[in-house]
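What the sequence shown shows, in our numbering, is residues 903 to 1043, in sequence order.
Be careful, since some hints might not be right.
[Unchecked claim] Label-pair ranges, simulated between beta-carbon atoms:
#, residue 1, residue 2, range
1, 910, 996, 28 to 38 Å
2, 925, 1014, 12 to 22 Å
3, 946, 1037, 18 to 28 Å
4, 914, 1024, 20 to 30 Å
5, 917, 1011, 13 to 23 Å
6, 948, 995, 10 to 20 Å
7, 944, 916, 30 to 40 Å
8, 930, 1014, 27 to 37 Å
9, 981, 1037, 25 to 35 Å
No wet-lab data here; the hints were simulated from the structure. Just so it is clear, CB atoms sit at the ideal spot from N, CA and C, and this is done for glycine as well.
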Amino acid sequence: MEISEQLRCLFSATVEERDGSYVVEVPEQEILLGDIRAGETYRVVLLSSPSPSSSSDETSGTNDNAQRERDPPEPPVEEGEQRTVEIEDIGDQGDGITRVERGFVVIVPDTEQGERATVEITDVRENVAFAEVVERLSYYD
903 MEISEQLRCL
913 FSATVEERDG
923 SYVVEVPEQE
933 ILLGDIRAGE
943 TYRVVLLSSP
953 SPSSSSDETS
963 GTNDNAQRER
973 DPPEPPVEEG
983 EQRTVEIEDI
993 GDQGDGITRV
1003 ERGFVVIVPD
1013 TEQGERATVE
1023 ITDVRENVAF
1033 AEVVERLSYY
1043 D
């Protein structure tokens, strides 16, 4: 599946029915850490999640499957990993922001929008990672 460069956030949610409408709640951290703002209009894509394996067994194994489906996917980066990135935006605190697989946000201090750099991931959290510049690159490298 091709993922658009316009992807601003990615999360799992359940579609709920409320008063004759269907609602998907956006987690607060997507507003705080992401590139979206409350009150704005966005295009939303819904993808079905894999169906749980069928089992007539009501043991904890079934509950484990349900729990795994609710857990968010693992971050696509690891501490110590190096990546070549382009800084896409500058955050409210002045740090550079880039996105990697699935729109996962990486914050890189001391960078400017449009700058290309090799960075090393220094801290990974559930929905965001932090990195330091290892080497600044020419746009043509």
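- Message: Hint compliance check: list the failing hint numbers for this structure, sorted ascending.
- Response: 1, 2, 3, 5, 6, 7, 9
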